[in-house]
Amino acid sequence: MTDAELDAMLTEPLPALDTTAFSVALMEAVARDAARPARILAWLCVGVLTVILAAAGALGAWAMSRGYDSVAPTAIPLALTALTLLLSASVFQAARE
Amino acid sequence: MDERDLVAQACARDVAAFSALARAHQSKVRGLLLRLTKGNHALADDLAQETFLEAWRAVASFRGDSAFATWLYRIAYSRFLMAARKRKDEPLDDWQGEAPSGENATQARIDLERAFAKLSAPESAALTLCFALGLSNTEAAGALDMPLGTLKSHVLRGREKLKALLGRYP
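So the protein lines, in turn, are chains A and B.
Okay, so the first sequence: first residue is 34 according to the numbering used here, each after it adds one.
Okay, so the second sequence: first residue is 29 according to the numbering used here, each after it adds one.
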């Protein structure tokens, strides 16, 4: 084989590859990666809200056991319901990401 | 829209712009990796996906000192080297591919790929970048992160090995 023949072979373009499946898989991976910060933030929110929820439950139990009259009877259930809704929304958002 | 605009938009985290860049360059990056992995399509595509994901994460650090394609080849080669280090217990010994698809699937092409599989990774990468992908020696040296003299040695040695190997095939 001569140098010219070898050069001709080497300069041939690389074989064409099917690009469709690769493009789709790549863009899915990029989209997942792009959504990563939002997903991490959502799960952080879930963590924080879980702690708040647990603390609110503990506070409610403590207030009931002490028989405090100053706390409105609906305040704690309402607060717990609101926190639960927030928690659900965060989980839902994280699941969508 | 030219490549510089697409890169600027990708730096601003525009997925569509990055997608256009990936579509434009994926075939060559995958071709390079396919040759380096000795015809292992699955491994080459995994590495190509890792290459583009790393490019997506680091695109803001791309300063335009080299062509975008050269930057991608650099990432691809470094990904290949990392994977090769991890796979040192199961090296890619010989060409594993089927006949290359498409119109170019001639016997000469198959022989060439088999011969490339016998070269070292730097030789194979240097020859592919300088010949099939049309980079200058300086660009290829940058992509492979090696001095220009080393690249030229790899090209010369690779060419000599290929000539000898291709002379053996009937």
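These aren't lab readings, by the way, just hints derived from the structure by calculation.
Please read these numbers as outputs of a predicted model, since none were measured by experiment.
The reader is advised that the hints may include incorrect statements.
What the hints assert, rightly or not - Rough simulated footprint, nothing fancy, chain A against chain B, three-plus residues with beta-carbon under 8 angstroms:
hint, stretch
1, 79-87
2, 146-159
3, 179-192
Stated by the list, open to error - Some chain B residues close to chain A (C-beta under 8 angstroms, calculated; not the full set):
hint, residue
4, 36
5, 43
6, 45
7, 46
8, 47
9, 56
10, 58
11, 73
12, 91
13, 92
14, 94
15, 135
16, 140
17, 142
18, 195
The C-beta atom is built at its ideal place from N, Cα and C for all residues, glycine as well.
Hints and how they fare:
1. 79-87: Holds: 4 residues of the stretch 79-87 of chain B have a Cβ under 8 angstroms from chain A.
2. 146-159: With 3 residues in contact (Cβ-Cβ under 8 angstroms with chain A), the coverage given for the stretch 146-159 of chain B holds.
3. 179-192: Contact hint for the stretch 179-192 of chain B vs chain A: holds, 3 residues under 8 angstroms.
4. 36: violated, 17 angstroms
5. 43: Holds, about 6 angstroms.
6. 45: This interface hint is violated because 11 angstroms lies over the 8 angstroms limit.
7. 46: Hint holds; residue 46(B) Cβ to chain A Cβ min 6 angstroms, cut 8 angstroms.
8. 47: Result: holds, 5 angstroms to nearest chain A Cβ.
9. 56: For residue 56(B), the interface hint holds, since the closest Cβ of chain A sits about 7 angstroms away, which is under 8 angstroms.
10. 58: This interface hint holds because 5 angstroms falls under the 8 angstroms limit.
11. 73: Holds: closest Cβ of chain A sits about 6 angstroms from residue 73(B), inside 8 angstroms.
12. 91: It is violated, given that the least Cβ distance between residue 91(B) and chain A is near 21 angstroms, above 8 angstroms.
13. 92: violated, 21 angstroms
14. 94: violated, 20 angstroms
15. 135: It is violated, given that the least Cβ distance between residue 135(B) and chain A is near 12 angstroms, above 8 angstroms.
16. 140: holds, 5 angstroms
17. 142: violated, 12 angstroms
18. 195: Hint on residue 195(B): holds, closest Cβ of chain A at ~6 angstroms, below 8 angstroms.
Going down the numbered hints, you'll see the structure goes against 4, 6, 12, 13, 14, 15, 17, while the others check out.
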